[in-house]
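Using the sequences and the hints, build the whole thing.
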Amino acid sequence: MDKAIKRYFPVFVLPTLAAFTMGFIAPFLVGVYLSFCKFTTINDAKFVGVVNYTKVFTDATFVHALWYTALFTIVSVVLINFFAFVAAMLLTRKIKGTNLFRTVFFMPNLIGGIILGYVWNLLLNGILLQFNKTLTYSSVYGFWGLVILMCWQQIGYMMIIYIAGIQNIPGDLVEAAKIDGANSWDILKNVTIPMVMPSITICTFLTLTNGFKLYDQNLALTNGEPSNMSEMLALNITNTFYGRAGWEGVGQAKAVIFFILVAVIALAQNRFTRSKEVQQ
Amino acid sequence: MKKRQLAALSLAVIMAAGALAGCGGGQDAGTTAAPESEETTAGAEGESGETAAQAEEGTAGDGAVYYLNFKPEQADQWKALGEAYTTETGVPVTVVTAASGTYEQTLKSEMAKSEAPTLFQVNGPVGLASWKDYCYDLKDSAVYKDLSSDDFALIDESGAVKGIAYVIETYGIIYNKALLNDYMETEGAVIASADEINSFDKLKAVADDIQAKKDELGIDGAFTSAGFDASSDWRFKTHLANLPLYYEYKAENISSTEAVKGTYLDNFKQIFDLYITDSVCEPTLLSGKTGSDAAAEFALGEAVFYQNGTWAYGDIQDNDVADEDLGMLPIFIGGEGEENQGLCTGSENYWCVNSKASEADIQATLNFLQWVVESDTGRKALAEDMGFVTPFSTFTEEYLPANPLVAAADEYVKNGTTSVSWNFTTMPSEEWKNQLGSAMLEYAQGTGDWDAVVKAFVDNWAVEYQAANN
Numbered sequence: 006m007d008k009a010i011k012r013y014f015p016v017f018v019l020p021t022l023a024a025f026t027m028g029f030i031a032p033f034l035v036g037v038y039l040s041f042c043k044f045t046t047i048n049d050a051k052f053v054g055v056v057n058y059t060k061v062f063t064d065a066t067f068v069h070a071l072w073y074t075a076l077f078t079i080v081s082v083v084l085i086n087f088f089a090f091v092a093a094m095l096l097t098r099k100i101k102g103t104n105l106f107r108t109v110f111f112m113p114n115l116i117g118g119i120i121l122g123y124v125w126n127l128l129l130n131g132i133l134l135q136f137n138k139t140l141t142y143s144s145v146y147g148f149w150g151l152v153i154l155m156c157w158q159q160i161g162y163m164m165i166i167y168i169a170g171i172q173n174i175p176g177d178l179v180e181a182a183k184i185d186g187a188n189s190w191d192i193l194k195n196v197t198i199p200m201v202m203p204s205i206t207i208c209t210f211l212t213l214t215n216g217f218k219l220y221d222q223n224l225a226l227t228n229g230e231p232s233n234m235s236e237m238l239a240l241n242i243t244n245t246f247y248g249r250a251g252w253e254g255v256g257q258a259k260a261v262i263f264f265i266l267v268a269v270i271a272l273a274q275n276r277f278t279r280s281k282e283v284q285q
Numbered sequence: 014m015k016k017r018q019l020a021a022l023s024l025a026v027i028m029a030a031g032a033l034a035g036c037g038g039g040q041d042a043g044t045t046a047a048p049e050s051e052e053t054t055a056g057a058e059g060e061s062g063e064t065a066a067q068a069e070e071g072t073a074g075d076g077a078v079y080y081l082n083f084k085p086e087q088a089d090q091w092k093a094l095g096e097a098y099t100t101e102t103g104v105p106v107t108v109v110t111a112a113s114g115t116y117e118q119t120l121k122s123e124m125a126k127s128e129a130p131t132l133f134q135v136n137g138p139v140g141l142a143s144w145k146d147y148c149y150d151l152k153d154s155a156v157y158k159d160l161s162s163d164d165f166a167l168i169d170e171s172g173a174v175k176g177i178a179y180v181i182e183t184y185g186i187i188y189n190k191a192l193l194n195d196y197m198e199t200e201g202a203v204i205a206s207a208d209e210i211n212s213f214d215k216l217k218a219v220a221d222d223i224q225a226k227k228d229e230l231g232i233d234g235a236f237t238s239a240g241f242d243a244s245s246d247w248r249f250k251t252h253l254a255n256l257p258l259y260y261e262y263k264a265e266n267i268s269s270t271e272a273v274k275g276t277y278l279d280n281f282k283q284i285f286d287l288y289i290t291d292s293v294c295e296p297t298l299l300s301g302k303t304g305s306d307a308a309a310e311f312a313l314g315e316a317v318f319y320q321n322g323t324w325a326y327g328d329i330q331d332n333d334v335a336d337e338d339l340g341m342l343p344i345f346i347g348g349e350g351e352e353n354q355g356l357c358t359g360s361e362n363y364w365c366v367n368s369k370a371s372e373a374d375i376q377a378t379l380n381f382l383q384w385v386v387e388s389d390t391g392r393k394a395l396a397e398d399m400g401f402v403t404p405f406s407t408f409t410e411e412y413l414p415a416n417p418l419v420a421a422a423d424e425y426v427k428n429g430t431t432s433v434s435w436n437f438t439t440m441p442s443e444e445w446k447n448q449l450g451s452a453m454l455e456y457a458q459g460t461g462d463w464d465a466v467v468k469a470f471v472d473n474w475a476v477e478y479q480a481a482n483n
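These protein sequence lines are chains A and G, in that order.
According to my numbering, the first sequence is numbered sequentially starting from 6.
According to my numbering, the second sequence is numbered sequentially starting from 14.
FYI, nobody ran anything at the bench for these hints, they're computed from the structure.
Nothing false has been slipped in among the hints.
If you only want the chain G side, here are some residues facing chain A, beta carbon under 7 Å, derived:
| no. | residue |
| --- | --- |
| 1 | Gln118 |
| 2 | Lys121 |
| 3 | Met124 |
| 4 | Ala125 |
| 5 | Ser143 |
| 6 | Glu295 |
| 7 | Thr297 |
| 8 | Leu298 |
| 9 | Ser300 |
| 10 | Gly301 |
| 11 | Glu444 |
| 12 | Ser451 |
| 13 | Leu454 |
Pairs of lysine-lysine residues, derived as BS3-like cross-links and limited to a Cα-Cα distance of at most 30 Å, are as follows:
| no. | chain 1 | residue 1 | chain 2 | residue 2 |
| --- | --- | --- | --- | --- |
| 14 | A | Lys43 | G | Lys145 |
| 15 | G | Lys227 | A | Lys138 |
| 16 | G | Lys126 | A | Lys218 |
| 17 | G | Lys158 | G | Lys145 |
| 18 | A | Lys218 | G | Lys121 |
| 19 | A | Lys60 | G | Lys126 |
| 20 | G | Lys84 | G | Lys190 |
| 21 | G | Lys427 | G | Lys215 |
| 22 | A | Lys60 | A | Lys218 |
| 23 | G | Lys282 | A | Lys138 |
In silico negatives: residues of chain A with every beta carbon more than 12 Å from chain G:
| no. | residue |
| --- | --- |
| 24 | Val37 |
| 25 | Tyr162 |
| 26 | Leu178 |
| 27 | Lys183 |
| 28 | Asp191 |
| 29 | Asn195 |
| 30 | Met200 |
| 31 | Ile207 |
| 32 | Val267 |
Glycine residues also receive a C-beta, built at the ideal position from the N, C-alpha and C atoms.
Here you go:
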């Protein structure tokens, strides 16, 4: 068996590797190179050094997008994981129709971000109209609109992961805790949560990176209005690249900074939650 | 084990197939006449042995045209015209239209491809600045020779013709004659004839009075919503902002500037205030209002005045407003001598031929352009189907569009008023317009003040001009 795997190793790896190189590694390297260039289209790039990087932080919209994104990510990670966990706890009890509920909660995740954005744009604007406001009236509305949208979309997905984790907890552990006199709060704190730590790692990782990389929903819901005040990092980068003549390189530099930022945060988070995981 | 290997292998094959199919699909996406053009190109390749010599002589036997069109209003007409040319000559023509407000973005990514557009558009001197390296010199082209005046060409310092305008457009305040007549029959109407509106004060008096009598007239407001959605905000941050700029340039006797003074910004405020107060909706709703909202409000007779141009005819025709009820007024802002002010006429649509395309493609594109402005089919399509007034001498009397807004614009020119030129093509950058638009919106909905608009107009002009020219 081992031999066979070794022999066929290239056959299995090659397609994926080729796709990965074409679709990720090559564009990534070109992207990093372009962040040091001045260009109109990517074919006529001229090397200019670190000028682009110095411009990035003089751009007020980028700094604003940075903290706006950070704030959004914190709020959405907390809310999504909390509600997903609660939903998972409820739907692992013996209630009638759990399967139906699980399916219904999961469904929003099957709809694309752009469509969701426009749907919620209509819904929220319909409500705000009663108060003679619109979603793009102020970035506060845009912010909470996005939070609601993302919760609605992602809670179901995270819930499924938590359900899988909770169902994997051996029944004898819970039983033993009960015999030792633990009430349900103790069981939750000392048995359930430590045992689903791997799920928590995955879910926080997913929500964290999703929050940082959010683009479609942001574009469709508010498109950064008003005055770029509800613009998140990914949208800010696209707008810099495509929206401002002569700023293509700066947009590229922002993208590189963005990549490093997301990578560092994701790795740190992974290490932190991993350290809390327990052996079964 | 065997089964497993088989499963893994088939998975690998599926993945590879998926990846390859993905690549193939990406290349085809966006070409409108894909099947035809592929066939034709393949045919030409087969004969390339024989036609090679021919191509060298510049007859462009195997060239192809790829037009990236700016105007979504005429997307279908251009496609049809391209197909007509292919049927007639066998040269494949691909027409792709960028979605409203995304032209620069689409152009930037299309130009980076190996099958780049051979024919594209810039919006004037400022747009040209970022694309000048890609513009083929059109000095010897037939289409340039057909141009009635050099005013409609973008010519650089060295005398190279970089771009050619292909449509002349006019904007102003479109009004509904029927509703205005209804108003003039009410008690205490400020005017007895539309001709009396020849200054900002008159316009304001009429608009205020209409707004006060809106229930009596059965309308929602004097002006359509001044929406600041991306599909509508250019009507204000670009077109309306042209007026204070026009008066300033006129007073200073200049045609462009490094630093604008903002002498007429109080007038700008007057007219903008009028738009947002005598409107069909609350100013707090403006951020979400789109271009189609405003067009619908006007077309359904809910508002009397609608700031837009001749191109808007397609959106408002065949609705509640009859063609003969369409009129256009100059945008009065209270500048000196405005009783002689006409409509705003100019062009921001210049054809450029991609100099980095292959010789054969360039030649094919030039031939196509010549055909568009010289052949009967081409002229008919531009004038009748697209409703364009063009600056080409080949468009004689019988090639004038049946657009009532164009007729209204013609009348103003005949009455001896001075047309307002399109100075917004000298605005320093898109970013400048965007910031002005944001400031205007914040002022309108009450979350910002007018000083921010002044700052965005004056201070930011110098900043953006520096950034764009260094």
